[in-house]
Amino acid sequence: MSAIKLFPSHDAIPFIEQVRLQRPLIHCITNDVVQNFTANVLLAIGASPAMVVAEQEVEDFVAVASSLLINIGTIDSQSAKRMLLAAAKAKQTQTPWVLDPVAVGAALKYRTEIAQQLLTFSPSVIRGNASEILALSGQQSSSKGPDGLDSTDSALNAAKLLAEKYRTIVAITGEIDYVTDGKQIYSIVGGDIALTRVTGTGCSLSAMVAAFIATSKDRLAATASACFMMKKVGELANKQSGLGTFAMAIIDQLSLFNQNH
Amino acid sequence: MSAIKLFPSHDAIPFIEQVRLQRPLIHCITNDVVQNFTANVLLAIGASPAMVVAEQEVEDFVAVASSLLINIGTIDSQSAKRMLLAAAKAKQTQTPWVLDPVAVGAALKYRTEIAQQLLTFSPSVIRGNASEILALSGQQSSSKGPDGLDSTDSALNAAKLLAEKYRTIVAITGEIDYVTDGKQIYSIVGGDIALTRVTGTGCSLSAMVAAFIATSKDRLAATASACFMMKKVGELANKQSGLGTFAMAIIDQLSLFNQNH
Amino acid sequence: MSAIKLFPSHDAIPFIEQVRLQRPLIHCITNDVVQNFTANVLLAIGASPAMVVAEQEVEDFVAVASSLLINIGTIDSQSAKRMLLAAAKAKQTQTPWVLDPVAVGAALKYRTEIAQQLLTFSPSVIRGNASEILALSGQQSSSKGPDGLDSTDSALNAAKLLAEKYRTIVAITGEIDYVTDGKQIYSIVGGDIALTRVTGTGCSLSAMVAAFIATSKDRLAATASACFMMKKVGELANKQSGLGTFAMAIIDQLSLFNQNH
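Residue numbers (the working numbering), protein chains in the order written: chain A, 1 to 261; chain B, 1 to 261; chain C, 1 to 261.
Hints were generated in silico from the structure; no laboratory data involved. Take the hints with a grain of salt, since some may be wrong.
To be verified - Some chain B residues near chain A, calculated using beta-carbon distances under 8 Å: (1) Leu-21; (2) Gln-22; (3) Leu-25; (4) Ala-44; (5) Val-52; (6) Val-53; (7) Ala-54; (8) Asp-252.
Unchecked claim - No more than 25 Å apart at the CA atoms, straight line, and that leaves these computed lysine-lysine pairs for BS3-like: (9) B:Lys-109 <-> C:Lys-89; (10) B:Lys-183 <-> B:Lys-160; (11) A:Lys-89 <-> C:Lys-109; (12) A:Lys-109 <-> B:Lys-160; (13) A:Lys-81 <-> C:Lys-109; (14) A:Lys-165 <-> A:Lys-217; (15) B:Lys-109 <-> C:Lys-81; (16) C:Lys-91 <-> B:Lys-109; (17) A:Lys-239 <-> B:Lys-239; (18) C:Lys-81 <-> A:Lys-81; (19) C:Lys-239 <-> B:Lys-239.
As the list claims (entries may be wrong) - Every beta carbon over 12 Å from chain C, so not counted as near; a handful from chain B, in silico: (20) Ser-9; (21) Pro-14; (22) Glu-17; (23) Asp-32; (24) Asp-60; (25) Thr-93; (26) Phe-121; (27) Gln-139; (28) Ser-154; (29) Leu-161; (30) Glu-164; (31) Arg-167; (32) Asp-181; (33) Lys-232.
Everything numeric in this text was worked out from a predicted model, so none of it was measured. Glycine included, each C-beta is placed from N, C-alpha and C at the ideal position.
Build out the structure end to end from the sequences listed, making use of the hints.
Okay, here's the thing in structure tokens:
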């Protein structure tokens, strides 16, 4: 069993700076609930979001984008088709891409099947909560919907197996985040429980991971850096005024993030 | 004619607490404009939102969800099919469900027809503005779009007839809210005109009703409690700084809501 | 070559007031990222937004709406069909309509083709960034996605040609905005770079233009007035607290906008 190493927060700084410098173009095929929040999160960290979804356009756009995000939150037959086309193209053009397998599990067989198909197109990173990572690796999970009920510790082994099997990086996020390539494991602590009470924080973290891996070759550390940034922002954002202010403050803090953290 | 009874605001407290305690899983099939706001409203009151829309998934998910919301705001042929599948399943599994008949009326015949079909699947609650309730009961209304132009008083009789005919609860919201099962009528006063100038307050109130009826058997009082909570929040939320701040403050106040109100 | 005239800001006031007085009903067929923001922007300036998209409903609704907005940001085959139906109907019923040709260009051929088809239905106004206006007029642009990379100066000639060819008004927005009917050219200066770092400011400006031309016959000045209002709001909105607060403050300032500016 590999040792878990606490990700050194100062290591995140150059990754954060690279996104701002390079302004990567992130092709997002994501769910209907979080499109606006995701676009604003990407703009706040200095990336350029582009939600391009037409069957006629996704392949061409994957070819010009810096990276691709696929999030299956509100999947249906049509979006499934687009996701599969985009993922296949990304594999072919070696465009880095992130899979966010929202709410996969026993209650939702269709998306779980599509997620398994998407896995065959070699995602660069998979980011999910513990229930999703457990379900994706074929184990039992406790959740029925998008909100996770399992601890990230309980999914760590599943994450490692998944990372090895698909030669990818798996990030499980929750009370403690773990990021692994099947060999090394980084843990990221901190954050705030309020992050689970605003919709789209996980989904937009996946988009941030897409931006971070678009601008660096060290994908393990890039993914951990994105996780660190979101956790830190969750700590910095004002929680006293309620969840509306908190959601807005996440975007604020991402846009103001500096090296002193 | 039944007497109108002012809903006693302290009666709302146990309903509000039950949502927080039980954290119901709310299956939302709603319109594209308010998905994010609705999810954040549900999270703010302590519920767990899940926007599941695929034809392949809606029936399975209705069976595991605590309740279902169907909002026809941006309906098209595909979403209509999903709504009908979900409503039929909800009737079969006796999953409580809320119908929000956005913008039904003479100008929009397609949705009015689908709404009539949805009615046959026994919604637990129908929540709309006066124009929508009038149109749904076959009477003439003054609105062309989603913003209501009729007074809730003018739709009270239509609400009662609708409630009796479909053995359901009807909530008409506006300057004064009325909630009726065809026999009893609760009125809820207060609120603020600014609530009509932020998109999604009505739609997310329907989602709140879904959460409230998922956690209580007294659906009439549960529905009135949700209406009370939204009106109170409209009063508490800061209006001086403009409508952007006000929209955010609605979520704030829902998340901070306490027994002193 | 026609002279460029700085748009006199006090000329905007009656246009802004007319929208508040007449409360036009704006039929929006827009992209999935900005639906909520667009609806709140329209409500904030006093208009009534209605997102009606079903193939079965768009034509009937164009006939009752005060004006129509078509934004191709997240276009696919189905929405393309709806847009073409709505635009054809608008031409027939002489309903004023605005085309926002998001991200047209060499990288995205499908939408560029649909945009060309939409042009044949005589939009009242075309609003885009410089890259989009260049691409729409058949010239080379530098952008791959929705974020423009060309200066508005570089697209001024393309705007004039486009306006003449389609007998329409073209607004190019960016560091300096230009509004032209092919003969007269207004420039609008000011604004803030932060406007480019929040998603939907351009898209909702197009919606504002739809509201302004719905309530005035002087479409050139009405379009320039909408551009002025957005630029001014960008100056007034708080930027110090970060981009989340800034996005909210745009809605705030639109709703509080008064004659003193």
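Going through the hints against the structure:
1. Leu-21: Since the shortest Cβ distance to chain A is 15 Å, the answer is violated.
2. Gln-22: 14 Å, violated
3. Leu-25: 5 Å, holds
4. Ala-44: 5 Å, holds
5. Val-52: Holds, because the Cβ-Cβ distance from B:Val-52 to chain A comes to roughly 7 Å (cut-off 8 Å).
6. Val-53: 5 Å, holds
7. Ala-54: Constraint on B:Ala-54 satisfied, holds at 4 Å.
8. Asp-252: 3 Å, holds
9. B:Lys-109 <-> C:Lys-89: Given that 25 Å is the threshold and the Cα spacing comes to 17 Å, the pair holds.
10. B:Lys-183 <-> B:Lys-160: Measuring from Cα to Cα gives roughly 7 Å; hence the hint holds.
11. A:Lys-89 <-> C:Lys-109: Distance of about 17 Å is within 25 Å: holds.
12. A:Lys-109 <-> B:Lys-160: Status violated; Cα separation ~41 Å.
13. A:Lys-81 <-> C:Lys-109: 19 Å, holds
14. A:Lys-165 <-> A:Lys-217: OK: A:Lys-165 and A:Lys-217 at ~21 Å, within 25 Å.
15. B:Lys-109 <-> C:Lys-81: Judged against 25 Å, a Cα distance of about 19 Å means the pair holds.
16. C:Lys-91 <-> B:Lys-109: 22 Å, holds
17. A:Lys-239 <-> B:Lys-239: 20 Å, holds
18. C:Lys-81 <-> A:Lys-81: Holds, at about 19 Å.
19. C:Lys-239 <-> B:Lys-239: Holds - the C-alpha atoms of B:Lys-239 and C:Lys-239 are around 20 Å apart, at most 25 Å.
20. Ser-9: Holds, because the least Cβ-Cβ distance between B:Ser-9 and chain C comes to about 28 Å, which exceeds 12 Å.
21. Pro-14: Holds: least Cβ distance 32 Å, greater than 12 Å.
22. Glu-17: About 30 Å separates B:Glu-17 from the closest Cβ of chain C, which puts it past 12 Å; holds.
23. Asp-32: Non-interface label on B:Asp-32 violated, nearest chain C Cβ at 5 Å vs cutoff 12 Å.
24. Asp-60: 25 Å, holds
25. Thr-93: 28 Å, holds
26. Phe-121: The assertion about B:Phe-121 holds, with a minimum of 20 Å to chain C.
27. Gln-139: 19 Å, holds
28. Ser-154: At about 19 Å from chain C, B:Ser-154 clears the 12 Å cut-off, so the statement holds.
29. Leu-161: It holds; B:Leu-161 is separated from chain C by about 26 Å at its closest Cβ, greater than 12 Å.
30. Glu-164: 30 Å, holds
31. Arg-167: About 29 Å separates B:Arg-167 from the closest Cβ of chain C, which puts it past 12 Å; holds.
32. Asp-181: Nearest chain C Cβ is 31 Å from B:Asp-181, so the label holds.
33. Lys-232: 22 Å, holds
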